[in-house]
Amino acid sequence: MTPEEIFDKLKEKFGEGKILRLTLPSQNGFDVCDPFIDVEPLAMTELADFLKHDKDLAFDQCCCISGVDLKDDLQVVYHLFSMSKLHKICIKATAKRDNPIVGTTAHTWGVANWLERETWDMFGIKFKDHPDHRRILLEEDWEGFPLRKDYKFPRFWRGMEVTPEEEEGTYGTQD
Amino acid sequence: MSLDGILEEGVITTTVDGVLNWAKKSSIWPMGFGLACCAIEMMATGASRFDMARFGCEVFRPSPRQCDLMIVAGTVTMKMAVRVKRLYEQMPEPKYVISMGSCSNCGGPYWQHGYHVLKGVDRIIPVDVYVPGCPPRPEALLEGIFKLQEKINQQTIAKKLVV
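Those protein sequences? They're chains A and B, same order as listed.
Letter by letter, the first sequence follows residues 386 to 560 of this note's numbering.
Letter by letter, the second sequence follows residues 353 to 515 of this note's numbering.
Just so you know, the hints here were simulated from the structure itself, not pulled from any lab data.
Heads up, some of the hints might be wrong.
Claimed, not checked - Only pairs whose alpha carbons sit at most 30 Å apart, straight line, appear in this in silico DSS-like list of lysine-lysine:
1. A/513 <-> B/431
2. A/394 <-> A/470
3. A/537 <-> B/437
4. B/431 <-> A/456
5. A/481 <-> A/456
6. B/431 <-> A/534
7. A/537 <-> B/431
8. A/481 <-> A/511
9. A/511 <-> B/431
Stated by the list, open to error - What follows is a list of derived Cβ distance ranges for each label pair:
10. B/405 <-> A/455: 51 to 59 Å
11. B/405 <-> A/521: 34 to 42 Å
12. B/498 <-> A/483: 56 to 64 Å
Here a beta-carbon is modelled for each residue, glycine too, at the ideal position from N, C-alpha and C.
Based on the provided sequences and hints, a complete structural model is requested.
Set out below in structure tokens:
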């Protein structure tokens, strides 16, 4: 199926309130960008279930889940691929920065369990109804989410120096 | 002082320090653990081409309780630093540490923007020999082991040499 057909099918099923818009590479000025569909973050759970189990869509593989810091918002990007239909689509769910919650897809794609945990670990995006909502790479007592643009490096962690004194203030992500 | 002519043939005299140091430096058993790409070079050092066995230190042990030497081969992340320290504490005396590669020497490429990396393993455990490189070649690790053997050879039972 083409991205337009996928978009129309989703909009028919879920309505305009949940399926926001389709962006094609020609529309946003990038030739190499994948076509992507913006969706309502909390609709992700039922949407994922439909994307996988509908016999025309059949997105049986979740290739990748990424987090994006858009300053005002936080975004989760899903790259999906269908092994049987050989088509692909990119789904973007944008949540507000002060309380970012996205519906989990872990019950649909097994791999999403760990990928969502990593997104939580790095960006602090919560996944509603995730079966095992813990950090995956960092320890549980780590403070902050390292890949956010406003992340401040801790000076110490468990008594060990994270930021050497002479480097303090020069660390961290800079604009 | 010589006892030549007093003892029968085939008997060697030496000092207690000499024989203990000879035994220690000739059978350094390293711990079989690697943290990152440096571990690949460490494996090469142990394998037939570079053959650490020539110098008596090929016996990689799977338990810290049987080890004399910890080769910190790779990036020490904050999460792993806690484990590295515990492993060091579990090793019996006498114990030695080789810090292998830039990451474990000083944080290496993670010096900036590396919130997850300890900036040098010497911040948590005492290091005897530093091997520079990213990663160091097996020859460099062997040289580090020779330096450690030299260092062991200077020890006395009266006091562990602090350099």
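Tested hints:
A threshold of 30 Å between alpha carbons decides the hint, and for residue 513 of chain A with residue 431 of chain B the separation of about 27 Å falls inside it, so the pair holds. Only pairs whose Cα atoms come within 30 Å are accepted, and residue 394 of chain A paired with residue 470 of chain A is accepted, the gap being roughly 15 Å. Between residue 537 of chain A and residue 437 of chain B the CA atoms are separated by roughly 26 Å; this keeps the pair inside 30 Å, and the hint holds. At roughly 29 Å between alpha-carbon atoms, residue 431 of chain B and residue 456 of chain A fall within 30 Å of each other, so this suggested pair holds.
Of the pairs offered as hints, the one joining residue 481 of chain A and residue 456 of chain A holds, with about 10 Å between alpha carbons and a cut-off of 30 Å not exceeded. Taking the CA atoms of residue 431 of chain B and residue 534 of chain A, the gap is about 23 Å. The hint holds against a cut of 30 Å. Simply put, residue 537 of chain A and residue 431 of chain B have alpha-carbon atoms about 18 Å apart, close enough for the 30 Å limit, and the pair holds. Restraint check for residue 481 of chain A and residue 511 of chain A: the C-alpha separation of about 11 Å stays at or below 30 Å, so the hint holds.
With a C-alpha separation of about 23 Å, the suggested pairing of residue 511 of chain A with residue 431 of chain B holds against the 30 Å cut-off. At roughly 56 Å, the beta-carbon separation of residue 405 of chain B and residue 455 of chain A lies within the given 51 to 59 Å, and the hint holds. The hinted window of 34 to 42 Å between residue 405 of chain B and residue 521 of chain A holds, with their beta carbons roughly 39 Å apart. Under the hint 56 to 64 Å, the C-beta atoms of residue 498 of chain B and residue 483 of chain A, about 59 Å apart, fit the expected range.
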